[in-house]
Amino acid sequence: MTPRDAADNSPENSENSEEPESSGGSAGGGRWSDLDRPPLNATALRRGLVREGGLWSEVDVVQRTGSTNADLVARAEAGKTGEGAVLVAEEQTAGRGRLDRRWTAPARSGLFFSVLLRPTDVPVARWGWLPLLTGVAVATGLARAAGVDMALKWPNDLLVTVGGEERKAGGILAERAGEGGVVIGVGVNVTLRADELPVPQAGSLALAKAVSTDRDTLLRGVLRSLEDWYGRWRDAGGDPVGSGLQETYAAGCATLGRRVRAELPGERSLVGEAVALDGDGRLVLATEDGVQEPVGAGDIVHLRPA
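When we follow the numbering used here, the leftmost residue of the sequence shown carries the number 1, and every step to the right adds one.
The set of hints was computed from the structure by calculation and includes no laboratory data. Some hints could be false.
Result set (SDA-like, lysine to any residue): computed pairs, CA atoms no more than 25 Å apart in a straight line [unchecked claim]:
| # | residue 1 | residue 2 |
| --- | --- | --- |
| 1 | Lys209 | Asp149 |
| 2 | Lys168 | Ser269 |
| 3 | Lys209 | Ala151 |
| 4 | Lys209 | Leu197 |
| 5 | Lys168 | Pro131 |
| 6 | Lys153 | Arg282 |
| 7 | Lys153 | Gly298 |
| 8 | Lys80 | Asn41 |
| 9 | Lys209 | Arg193 |
Derived CB-CB ranges, DEER-like [said to hold, decoys possible]:
| # | residue 1 | residue 2 | range |
| --- | --- | --- | --- |
| 10 | Gly79 | Ser269 | 38 to 46 Å |
| 11 | Val275 | Gln201 | 19 to 27 Å |
| 12 | Ala286 | Pro265 | 15 to 23 Å |
| 13 | Glu77 | Pro106 | 29 to 37 Å |
| 14 | Arg51 | Leu270 | 42 to 50 Å |
| 15 | Ala286 | Gly231 | 33 to 41 Å |
| 16 | Gly237 | Arg261 | 32 to 40 Å |
| 17 | Asp214 | Gly290 | 47 to 55 Å |
| 18 | Gly231 | Pro265 | 30 to 38 Å |
| 19 | Ala44 | Pro198 | 27 to 35 Å |
| 20 | Lys80 | Gly290 | 47 to 55 Å |
| 21 | Gly231 | Arg176 | 15 to 23 Å |
Think of the CB as a built atom: it goes at the ideal place given N, C-alpha and C, for glycine as much as any other residue.
Put together the whole structure using the sequences plus the hints.
Right, dumping it as structure tokens:
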């Protein structure tokens with residue numbers, strides 16, 4: 001869940017510069033007042049996630065930045081960090097996502113983070129599964145930790161149900177980071193109230209009646225789930241079938257079985273029923289003229305039944 005980048009990617013840009021966590025271990029220490037939105041406990045997160053032999057090598061929490069993805073890409077390209085680095089922001093001012101969309105949220109109201117992965121032992125042709133893998137991992141982790149039903153909208157939106165309606169509560173953006181690196185950004189609305197939603201179609205875990213909105217617990221659950229799924233996928237050489245990824249994504253995908261409109265590059269569009277996910281992670285549409293068309297990039301709109 002993210003958006004058009006309104007800031008320059010340079011770390012020196014004032015809008016995109018990082019404000020570090022407080023010395024007390026919780027980002028934003030002493031400068032918060034909303035009792036429903038306490039700061040993250042960076043020390044506890046590191047203690048719970050960074051371990052010998054594990055994926056996560058460092059967990060950095062900053063108070064405010066433009067984009068965690070832009071910051072982590074810059075660090076990776078400068079050789080300042082390695083695989084398993086996690087960058088978390090209490091607030092993003094220039095979060096960005098697919099199709100260059102912009103999205104912002106109040107400070108400490110969600111999970112806004114990026115991770116650096118280096119799957120060099122997996123064929124590059126299979127790296128396109130990483131955003132889908134992240135979607136499965138985040139949805140699984142949040143379902144367990146927050147006690148809320150999550151669904152996936154192809155390719156990388158996270159859906160919850162609010163008042164009987166599907167709402168977007170989060171999203172994922174993957175970017176190449178130098179040679180052999182991929183930075184994956186995740187944004188999830190956790191405690192946004194109805195009057196804070198950026199658009200009527202948005203939602204949050206709180207509005208979906210989550211049993212827990214403790215962001216420390218949620219972030220640990222999501223990152224542990226991502227470590228598990230990433231390990232399975234790498235152990236299978238990136239094979240979406242052998243790792244169970246293709247089957248699990250399809251089972252949790254709200255797009256499959258629906259009539260959709262795919263808005264494609266070049267101002268083209270395609271309408272049909274989403275019938276499958278192919279071996280490359282593309283969405284297969286059965287059009288009205290009986291042709292099955294794989295869609296690898298584009299914006300998907302769920303259409304109401306005719």
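Honestly, which of those hints from before does the structure not fit? none
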